[in-house]
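*Asks:* Next come the chains, spelled out residue by residue.
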Amino acid sequence: MLELTSIQKSFNDKPVLEIPSLRLDRGIYWLKGANGSGKSTLFKMLAGLLPGKGEISIGGISQRTHPVPYRQLINHSPAEPVFPAFITGDEMIGFVMSVKKGGAQQVNELRQKLEIGNYTANPTGSYSSGMLKKLSLLLAFIGQPEWILLDEPFTTLDIQAQQRLHTLISDKRKAGTSFMITSHHDLDTPDLKFDRIFRITDTQLKEELPL
Amino acid sequence: MNVIAQLLHRSIVEPFFKQHAGLFLFSFFILFGIQPSAVDVIQFHYSLILSILDSVSFFFIAFGIWMIYAIKVNLFIRACLRKEAYDFIYLLNGINEATHIRSLIWMLVKMMAPVLLYGGVVLFIGILQQHWLSSLAVVTAILLLMVISVIIVRGMIRNGKANQLMRKSRWKSFRPGLFSFLLQFVFRKQFITLLILKTVSFTVLYFFAKTDSQLFEGRMLWLLFITVLSGHGIIIHRNFHFMENELVFHRNLPLSRLHILLSLLGIYCVLLIPEWWALKGVIIIQHDAAQYGWLILTGPAVLLLIHSLLYSDDLKMEDFLALLFGIWIVFIFFSLSTMKWLMPLIAGGMGGMIFFLSYYRFEKKIDIEKKNTPADTGSP
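Protein chains in written order, with the working numbering: chain A, 1 to 211; chain B, 1 to 380.
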């Protein structure tokens with residue numbers, strides 16, 4: 001269970017997020033909101049990339065008091081992935097694999113499912129935006145995370161890759177992983193069903209009626 | 001000036017001089033501004049030029065400096081060619097080869113102007129003084145640098161952007177991780193800064209460590225060492241920004257603060273190997289193993305403290321330089337006292353403590369004003 005208590009985030013004294021309390025059981029969640037509403041900020045806070053006020057925990061493991069075990073339980077793929085241009089995709093995969101405790105077999109399966117070719121042997125500076133996105137998604141699935149945060153995962157992906165990602169998310173969900181996804185695309189397709197949908201409006205997180 | 005030359009001038013030559021204005025100003029001040037009068041400036045340079053013409057060692061020192069400058073020019077062009085905004089440069093592949101080469105030579109002549117001008121003066125004096133062989137060596141050296149630069153730049157444009165970006169890494173044998181990525185960043189992206197800094201610091205420290213301690217006040221060595229350590233500030237600042245921008249995903253990884261701290265310590269120990277080597281004279285000549293030990297420990301501890309302080313706030317460059325100056329003052333006072341041995345303990349202890357307290361609290365400031373202004377500053 002992902003639990004948020006008294007979450008507050010401001011930029012230059014301007015509040016962007018205020019979530020008094022939220023408990024999310026296992027499932028797939030769709031986070032909606034206009035551009036600049038705070039979706040990516042919330043993801044970055046949950047992923048441990050951005051500090052903020054309040055308490056975040058997964059299954060009772062607090063981000064503040066147990067930062068290392070907490071990060072083992074949550075993976076994040078940003079909307080616009082940035083990697084050092086001179087480092088190869090294989091190096092990135094090797095690094096994340098070693099710290100997230102992922103195996104070579106898992107990586108090979110993910111490569112196949114996301115149809116990532118041999119381009120990862122080249123430095124990331126030579127990748128197109130779609131290739132960068134696929135690498136970022138692959139990294140987000142490495143290990144045994146309880147939660148995966150996917151920020152605009154379908155942007156820059158072609159139709160086939162989007163469908164493969166739908167299937168991958170559904171498969172991982174069946175295996176017990178929960179997802180929080182932001183997207184401006186319509187995501188409610190037969191192979192990807194959302195448990196709950198939230199929208200951030202005026203710094204507040206509100207649940208939308210089921211589709 | 002034809003259209004191609006004008007294009008190269010506006011897109012590469014001008015940004016090069018704009019971006020390095022500070023370096024040029026500093027070099028100009030060192031070469032021409034510290035002598036008391038114009039006559040002294042002329043005499044100083046005349047002696048320097050005669051030394052280049054008379055002594056093989058001086059000639060090679062001058063050649064080394066010109067070569068570093070030429071490498072800097074080449075790296076700048078390479079960095080430009082890798083940017084999307086510079087894709088139009090590859091259109092040069094479609095024009096006639098002679099025009100293409102002529103445009104590149106003209107561009108490089110302008111970028112290498114400081115070397116060509118000084119080399120020209122050395123050549124002029126060499127001919128006047130009838131140092132025929134030395135003059136020939138100067139001409140050959142400068143021509144060599146120019147020809148090699150033109151060949152390299154031509155090659156970069158011919159090979160295209162994708163091939164440049166896909167150059168195979170020679171670092172693959174390292175285990176991928178924070179340490180390896182930072183090491184690559186320092187040696188691949190800051191190579192020139194590192195080369196200049198290490199050449200200066202090694203020479204200065206080697207000279208003082210080798211000199212009999214009776215000739216110099218013993219505290220001079222510490223004073224110089226602290227100054228050299230502060231000189232690493234620019235590299236530390238870039239490392240920090242690399243970690244918090246391109247490597248920011250590491251904050252989502254289950255890495256303990258101790259792991260990150262040890263990676264940083266490892267990097268700064270590697271960076272200080274030349275200084276440790278240069279200071280060997282403290283043991284060999286001055287037979288002061290204890291002082292050598294404290295110097296060795298002080299180095300990484302101070303660099304770690306400087307890096308850790310960056311986590312205390314998202315400092316702009318001017319604020320960071322002010323902070324660096326403050327650290328330099330404090331440690332200079334320490335080095336003048338008899339409590340020098342406390343330096344590694346205080347710097348290391350404070351560095352570790354600040355890092356542990358600030359790492360998870362650090363946040364980049366969002367500059368709304370900056371975001372609203374047009375991004376195009378004219379520099380690449």
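Keep in mind the hints are simulated off the structure, nothing from the lab.
Even glycine gets a Cβ: it sits at the ideal position worked out from N, Cα and C.
Heads up, a few of these hints could be off.
Stated by the list, open to error - Using 30 Å as the maximum straight-line C-alpha spacing, the simulated DSS-like pairs for lysine-lysine come out as follows:
(1) A/K14 to B/K18
(2) A/K53 to B/K316
(3) B/K364 to A/K32
(4) A/K101 to A/K14
(5) A/K14 to B/K364
(6) A/K206 to B/K364
(7) A/K14 to B/K83
(8) B/K83 to B/K110
(9) B/K198 to B/K316
(10) A/K53 to B/K365
(11) A/K206 to B/K365
(12) A/K32 to B/K18
(13) A/K53 to B/K110
(14) A/K206 to A/K14
Stated by the list, open to error - Derived DEER-like restraints, expressed as beta-carbon distance ranges:
(15) A/K101 to B/Q190: 12 to 20 Å
(16) A/L209 to B/R10: 53 to 61 Å
(17) B/L357 to A/D13: 18 to 26 Å
Claimed, not checked - Computed footprint of chain B on chain A, listed as stretches where at least three residues anywhere in the stretch have a Cβ under 8 Å from a Cβ of chain B:
(18) 73-83
(19) 95-101
(20) 170-182
*Asks:* Taking the CB of A/K101 and the CB of B/Q190, does the distance hold inside 12 to 20 Å?
*Replies:* Cβ of A/K101 to Cβ of B/Q190: about 33 Å, so the range 12 to 20 Å is violated.
*Asks:* Is the Cα-Cα distance between B/K364 and A/K32 30 Å or less?
*Replies:* 25 Å, holds
*Asks:* For the pair we were handed, B/K198 and B/K316, check the Cα-Cα distance against 30 Å.
*Replies:* 25 Å, holds
*Asks:* Does the region 170-182 of chain A contain three or more residues whose Cβ lies closer than 8 Å to a Cβ of chain B?
*Replies:* violated (count 0)
*Asks:* Given the hinted pair A/K14 and B/K364, is their Cα-Cα distance within 30 Å?
*Replies:* Holds, at about 15 Å.
*Asks:* How does the coverage statement for the region 95-101 of chain A fare against chain B, requiring three or more residues with Cβ below 8 Å from a Cβ of that chain?
*Replies:* That given contact holds, which follows from 5 residues of the region 95-101 of chain A lying within Cβ reach (below 8 Å) of chain B.
*Asks:* Given that the region 73-83 of chain A was listed as covered by chain B, double-check it with a C-beta distance under 8 Å for 3 or more residues.
*Replies:* holds (count 7)
*Asks:* For B/K83 and B/K110, compute the direct alpha-carbon distance and say whether it is at most 30 Å.
*Replies:* With Cα atoms ~22 Å apart, B/K83 and B/K110 stay inside 30 Å; holds.
*Asks:* Regarding the pair A/K32 and B/K18, is the alpha-carbon distance no greater than 30 Å?
*Replies:* 44 Å, violated
*Asks:* Keeping to a limit of 30 Å between CA atoms, is the pair of A/K206 and B/K365 held or broken?
*Replies:* 28 Å, holds
*Asks:* Given the proposed pairing of A/K206 with B/K364, does the C-alpha separation stay at or below 30 Å?
*Replies:* 28 Å, holds
*Asks:* Please work out if A/K53 and B/K365 have their alpha carbons no farther apart than 30 Å.
*Replies:* Holds, because 16 Å separates the two Cα atoms, which is no more than 30 Å.
In summary, the structure is inconsistent with hints 1, 4, 7, 12, 13, 15 and 20 from the numbered list given earlier, while agreeing with the others.
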